[in-house]
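Those sequence lines, one after another, are chains H and A. Going by the numbering used here, the first residue of the first sequence is number 523, and it counts up by one from there. Going by the numbering used here, the first residue of the second sequence is number 169, and it counts up by one from there.
Simulated from the structure, these hints should not be mistaken for laboratory data. All values derive from a computational prediction rather than experimental measurement. The reader is advised that the hints may include incorrect statements.
With a cut-off of at most 30 angstroms between alpha-carbon atoms, the simulated DSSO-like pairs for lysine-lysine come out as follows [unchecked claim]: (1) H:Lys798 x A:Lys179; (2) H:Lys798 x A:Lys485; (3) H:Lys1081 x H:Lys1117; (4) H:Lys554 x A:Lys463; (5) A:Lys313 x H:Lys798; (6) A:Lys463 x H:Lys915; (7) H:Lys941 x A:Lys481.
Chain H stretches covered by chain A per the calculated footprint, using a threshold of three residues with CB under 8 angstroms from any CB of chain A [as the list claims (entries may be wrong)]: (8) 626-640; (9) 687-696; (10) 728-738; (11) 769-777; (12) 795-809; (13) 861-874; (14) 968-975.
We treat Cβ as the ideally placed atom computed from N, Cα and C, and that holds for glycine.
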Amino acid sequence: MTKSIQTLDRVVIRFAGDSGDGMQLTGTEFAKAAAEAGNDIATFPDFPAEIRAPAGSLPGVSGFQLHFSSSDIFTPGDAPDVLVVMNPAALKVNLKDLPVGGMLIINGGTFIEANLKKAGYAVNPLGDGSLEPYKVHTVDISALTTAALDATELSNKEKGRSKNFFALGLVFWMYGRDLAPEIARIEAQFAKKPQFAAANIAVLKAGYHYGETAELFQHTYHVPPAKFTPGFYRNIAGNEALATGLIAGAELAGKTLYFSGYPITPASAILHALAKNKHFGCITFQAEDEIAAIGAAIGAAYGGAVAVTASSGPGIALKMEAMGLAVMTELPLVIINVQRGGPSTGLPTKTEQSDLWQALCGRNGESPVPVFAAKTPGDCFYAAIEAIRIAIKYMTPVMLLSDGYIANGTEPWPVPDVKDLAPFPVVHRTDPAGYNVYARNEDLARAWVIPGTPGLEHRIGGIEKDALTGNISYDPANHEKQTHTRAAKVAKIAQDIAPMDVYGERSGDVLVIGWGGTHGSLRAGVESLRAQGKRVTHAHVRWLNPIEPELAGLVTKFKHVLVAELNMGQLRSLIRSEYLVDAQGLNKIQGQPFKVAEVVDAVNKLLEGKSVH
Amino acid sequence: MSTPLIKLTKKDFESNQDVRWCPGCGDYAILATVQRTLAQLGVARETTTFISGIGCSSRFPYYMNTYGFHTIHGRAPAIATGLKMARPELDVWVVTGDGDGLSIGGNHLMHALRRNVGLKIMLFNNQIYGLTKGQYSPTSAVGTKAASTPMGSLDYPINPLALALAAGATFVARVADTDAKLMATVLQEAYHHQGSVFIEILQNCPVFNDGIWEAITDDAPGRQIVLRDGEPLLFAGGTKGVAIGQDFQAAVVDAKNPAVSMHRAHGTLGYAQMLASLTAAEFPVPVGVLYKVEKPSYEAMANSQVADAIAAKGRGKLEALLAEGMTWRVS
Ligand SMILES: Cc1ncc(C[n+]2csc(CCOP(=O)(O)OP(=O)(O)O)c2C)c(N)n1
Ligand code: SF4
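The shape of chain H in the complex, shown without the other chains:
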């Protein structure tokens, strides 16, 4: 039977199953196929905190959402058009997100009593009519996978592991994707275990052919390629981009990269990525805790390395005292916080932006630390370089904020030409004549003198120091002077801040302000509002301390200011106190990114004179 082909502008598909079902792999592979076909893509993995929650249970459900499109996209999509579920628990957890009329592909073979019970279904939803609002395709993926591997020597358990490739094959067929590159990838990935490569390929093909021959599907779909600026692209996740940017930054500085960390979700991937790239000359150190990690980084910075440490909320809390030491001793240091849901252990695998206050104010004393935030996965690359450059130029710790959403999410990233990255070679002072530890240049930075330099032996430390000689000083006036100077130095960074990312006119009805990883949702929301002729502008804050200089001139030019953040209103309170404007907040603390519709809805409410929440 020939099936008709429907052309679609965009599709959001979500794969959900048990943590052991390989949904992250299915999603990633399908994303690769979409990118290869020229679509714009955005992905959002959503996995449980437990490594192996009991199989089939609700907490064990892992999901991966992919948005692919023939036009520009900024987010992985608000809601799936297609939901693939591998077991009852995945259905239970994800069905609420599927709009009425959405397509539901179900691995029917898993809807047996034991699994239904684990998912809390009293009656089988496949038979009770509850799925009528959706286009349901029930396929016994488990059985079909085993059947496809009948002739192999694999155990039943091993056969079962391939079932995600059946799902992948099926969606490959649905969206007219080419199998050949996927087969090549499987062969490469399982090169050492050819029997598994063969099994996965057989099942992939079985899924594909099943789509072709079964009478289930009326259509296949075609999402034409997006119009990309010609160039070389890479699908990149934020943490990968950060690690790559750190290596690049150290190279641009002409220095060794020293990275220390202590394992924590979602920051660990940065340590992993750097540890496998030691041939770039970088030294990595897994410390005994986060305090030691930042301590070692401070020691390395003192020794003249480009020193970086990364963690997430609770680990950053532990680093704060040492950060104060770096402020006081004016050593260059990059601290990365890949934010997650808090407080305490909070939601380790979920995203949030609730560490802004921690970053700005988390230390004792007047302890100014430059803070800025990356906005997209690809932007993490540039942010890492910028953090290193600023830390060295101003001899200061710098805090770079990322979050779980952009750390794990991916987007197509135009790979920069190395020649376009401006070097900033470090020059250490070696001249002993007239050296004073706290003598400053025009940017108020002290000289970076490293041990081993003859004639410049000196002592630094956390006790207040004389503003010139660096000797211990308890003089009241000196302390006040040093306090002001440290603040003035950080304030000077404003001169290095690039023009703000402002989308829309510089005056109008609503100014939507956001920061960090919410960029995509806010930009997509504002784009659609503007398409309806609404006078809405999106200003995305990168620098939080010092705060974007352009913000002052913008906040007074709009009838409404809406600060959208995944917290209770931390930037909003800063904006209110800084600019004395009646900024409203769009706040979400669910461990999930904003949906575009939520942004649109909030702006519309303001335009209608209603309150946002």
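The hints should help you fit chain A with the ligands onto chain H, whose structure is shown.
Just chain A with the ligands now, with coordinates in the frame of chain H:
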């Protein structure tokens, strides 16, 4: 460890800062001996770095005319680890106290030692928190009456040398603040050791814990065994000895008793632990080098992994790194 052309003297290692310890503090003697020994060793000032935590003892770096970093409470071993990894060619000395190193910083101390980072850690043990005005510390004896324990402290003290040995330190020694001669010998030996050095320095705090080591230091021959590699464990002017039996019991015996143990700094860990467990009330206290083994240092291994990676894959090229993963070209 470059050798300066001009021979430096003790004075060259004195910074221009006034030393601000209380009069009579044991730290003065330690400072003087360290300065003198570094001059004798002929080290260069610029390649010598002192890293400390917080406490009276931790003010040490300010008084050394070398590179110095007075950091935060307990974290000196961690900071020094980063420095040594980034700059293995530097001599990195760590100065810490019994509170700094064994209480708040116990974790870092343990890990620096187990990794065998090439740090020379000197722990000034005065069995009290000096800088915060006299609270009991992790090495204080049970029943120590101090500001925070007017009825006497309850916790059992930690044995710093036993801890260091258990953590995996490859050079473990003890010396009293007043014994300049032995300290110089120990420091010289420590200086040439490649891995982690741990030296407990028995230090007097005349203000808050005066005379806490008196029993040991005032009658040194009677209360100390000076450890010499390959020589028997003798004390009291060579009239008495210590025998460590096969049942792991130590006993004070007559010097002529054939059971008197022979000191081997390169001996077994079990033997070194036996030495560490000889404590003042019952036994003479061993001073000198208890234990010394050679093991590759952490910083050497960390840097050779980098070298190995470069040798195996070639020096990384940024262009190649940027093009990793899933890439495609749009024309
Ligand atoms: C985080 C932190 N907690 C507490 C202190 C206060 N403090 C300073 S020194 C010290 C104890 C020092 O004792 P010790 O290490 O034995 O050194 P000593 O002064 O006896 O040489 C304490 C608790 C501090 N500086 N920082
Ligand atoms: S308080 Fe004790 S340890 Fe501190 S300087 Fe005075 S005597 Fe020395």
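So, going through the hints one by one against the coordinates:
1. Distance check on the hinted pair: H:Lys798 and A:Lys179 sit about 47 angstroms apart at the alpha-carbon level, beyond 30 angstroms; violated.
2. Between H:Lys798 and A:Lys485 the CA atoms are separated by roughly 14 angstroms; this keeps the pair inside 30 angstroms, and the hint holds.
3. Taking the CA atoms of H:Lys1081 and H:Lys1117, the gap is about 24 angstroms. The hint holds against a cut of 30 angstroms.
4. Between H:Lys554 and A:Lys463, the direct Cα distance comes to roughly 48 angstroms. Violation of the 30 angstroms bound is thereby established for this hinted pair.
5. Distance check on the hinted pair: A:Lys313 and H:Lys798 sit about 54 angstroms apart at the alpha-carbon level, beyond 30 angstroms; violated.
6. Restraint check for A:Lys463 and H:Lys915: the C-alpha separation of about 40 angstroms exceeds 30 angstroms, so the hint is violated.
7. Pair hint H:Lys941 plus A:Lys481 holds up; C-alpha atoms about 23 angstroms apart against a cutoff of 30 angstroms.
8. Counting residues of the segment 626-640 of chain H whose CB lies closer than 8 angstroms to any CB of chain A gives 0, which falls below the minimum of 3, so the coverage claim is violated.
9. Counting residues of the segment 687-696 of chain H whose CB lies closer than 8 angstroms to any CB of chain A gives 0, which falls below the minimum of 3, so the coverage claim is violated.
10. Counting residues of the segment 728-738 of chain H whose CB lies closer than 8 angstroms to any CB of chain A gives 0, so the stated coverage by that chain is violated, three being the minimum.
11. Residues of the segment 769-777 of chain H lying with their CB closer than 8 angstroms to a CB of chain A number 3, which satisfies the three-residue condition for coverage.
12. Check result for the segment 795-809 of chain H against chain A: holds, 9 residues qualifying (beta carbon to beta carbon below 8 angstroms, three or more required).
13. As drawn, the segment 861-874 of chain H meets chain A at 0 residues by the rule of a beta-carbon pair under 8 angstroms; below three, the given contact is violated.
14. Residue count for the segment 968-975 of chain H with a Cβ under 8 angstroms from a Cβ of chain A: 4. That meets the three needed, and the coverage hint holds.
In terms of the numbered hints stated before, the structure departs from hints 1, 4, 5, 6, 8, 9, 10 and 13, listed from lowest to highest.
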